[in-house]
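Q: The lines below spell out each chain.
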Amino acid sequence: MIRWARRHPGIAAGGLLLVLIVLAAVLAPLLFTVDPTALAPARRTRPPSAEHWFGTDMLGRDVYSRVVYGARVSLIVGFAVAALASAIGLAIGVVAGFVRWLDNVVMRAMDGLMSVPPILLAIALMALTRGSVQNVIIAITIAEVPRVSRLVRGVVLSLRELPYVEAAIAAGTRTPRLIWRHILPNTFAPLIVQASYICASAMITEAILSFIGAGTPPIVPSWGNIMAEGRALWQVKPFIVFFPAAALSITVLAVNLLGDGLRDALDPRLAKRL
Amino acid sequence: MWRYAGRRALATVPVMGFVALFVFSLLYLAPGDPAAIIAGDQASAEDIARIHASLGLDRPFLVRFGEWLWHVLQGDLGTSIFANLSVAHMIGQRIEPTLSLMVLTLVFSVVVAVPLGVLAAARAGSWVDRLVMLFAVLGFSVPVFVMGYVLAFVFALQLDWLPVQGYTPISHGVWPWLRNLILPVVALGAIYIALIARVTRAAMLEVLGQDYVRTARAKGLGLAPILFVHALKNAAVPIVTVIGLGVALLIGGAVVTESVFAIPGVGRLVVDAILRRDYPVIQGVTLLFSFVYVLVNLIVDLLYSVLDPRIRQ
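Chains W and Y, in that order, give the protein sequences. Going by the working numbering, the residue at position 48 of the first sequence is 49; the numbering climbs one at a time, nothing skipped. Going by the working numbering, the residue at position 165 of the second sequence is 160; the numbering climbs one at a time, nothing skipped.
In case anyone wonders, no lab produced these hints; they're calculated from the structure. Don't take each hint at face value.
Unchecked claim - Across the chosen pairs, the derived CB separations fall in these ranges:
#1 W:P49 - Y:L5: 57 to 67 Å
#2 W:I251 - Y:V159: 17 to 27 Å
#3 Y:S300 - W:R109: 20 to 30 Å
#4 Y:G70 - W:A172: 58 to 68 Å
C-beta atoms are modelled at their ideal positions from N, C-alpha and C, and glycine is treated no differently.
Work the whole structure out from these sequences, hints included.
A: And the structure:
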């Protein structure tokens, strides 16, 4: 176990951190938190103390509780976007790689979507709907899908040239079976690495959207929202912004370490190149 | 060369066409009927229908798209619902701060990141390499607004070296302009530097293993000319590619950076527009930024053939 961890320091450190954060999010009610939305106007903007570890915000809410509960929003958005974008991107990429006449149309559409910078694309989509966690997930997923489908299409096209796939086709393997048995398993490694980066970028995008007022509704204690609320006071009460900012950075760092570690472990050739 | 350039430029037309279609659909799908808003509360259904017709809102989607596209091609991006000003005019008023921020960040990042990446590759495995890679992981993980607040807290509030926020036009002097932009540029540049340094290191590692590098070393060439003349030139294509793709990060990051540092640029314009649901403004800014992004990557495409003539074939 220790030897394994020393060989894959990224996976070990990132994975451990992420497990701790997930545990904190799941067990939030047990971690000495109070109701993250409970107002206490008499105790506004208190600095960190024994009673309020991270202080209180301008409505007297406990910043520690809000940050711990905020982990739920970030993790849900990160994991949901990573899973959805991978699944949809995989489907589009495989279809584009196998159906010649669709390839051109689909990939031009993906190029078009990719030429709108992802954050701007998510902002534009959020402007169409009401702010909710679900809509944030959908908007960020749409912004991330083109990159996944490009990646998968590339892998599929290069796999199709390989002798063993040609042999399978020559032996009369039907397309669905060919995809299931020979193509999909080989897209797994690059896809899981990509998914970890999408997870990290989705968490940042969610925080940015909430921060500029286009993300989750203000009632939800997400890290972006806490920072947005602390923004007006940050020069005098920097702790309100500091704690959610640190939580977000550490979580993203954990996911990135895990992603780099997985990339090195799953694809040594890629590891040398990046 | 010119034929190649023309072909690449033509290839961006369908892409921009799709972007335009997407951006137009945005306004088309936007909730709220402009006719009902113009007509006011007391309007009857017939009044609204009349205004609908006079605005041309009752015509088919494709006809309206064509008309809108025709206006956009002539530089008319529509009128802001909130400010009742032309969107092109509003963007024009706010383009200087955004352009300053993005161009300075681009230059700063490339100047810092490329030598860092080269150094890390030349000393692969050493503590310098590890330090650069550690910085790269941190740069990817600390979001731009967190970086902005940390920098502003340390260098503006605590040390009082630089202004906390705001923007001074370049016409008021280069130093006042630069002073206000140093912190935003560093904050916005962090992730971009991380990205470029990482790719530079990887590209250099690949090139440094080649025979001609060994030959250059064998004939007694110093390390600096080998790294920066022979190797960097051959590693240039992936580096230039990532500089181009990273402009998307710059654009997205600029929106946030302008909010953190209270810079009155196009990013602030779009953030204000979201809060007011001012769709023509969101549309105009999205279209403009996408156009810039496509243009930058077209230039990158053309640079390939300068850097590596084999690509032209």
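Q: Indicate, hint by hint, whether the structure satisfies it.
A: Now for the hints, and whether the structure bears them out:
{"no.": "1", "hint": "W:P49 - Y:L5: 57 to 67 Å", "verdict": "holds, 60 Å"}
{"no.": "2", "hint": "W:I251 - Y:V159: 17 to 27 Å", "verdict": "holds, 26 Å"}
{"no.": "3", "hint": "Y:S300 - W:R109: 20 to 30 Å", "verdict": "holds, 23 Å"}
{"no.": "4", "hint": "Y:G70 - W:A172: 58 to 68 Å", "verdict": "holds, 60 Å"}
Every hint from the earlier list agrees with this structure, and none is contradicted.
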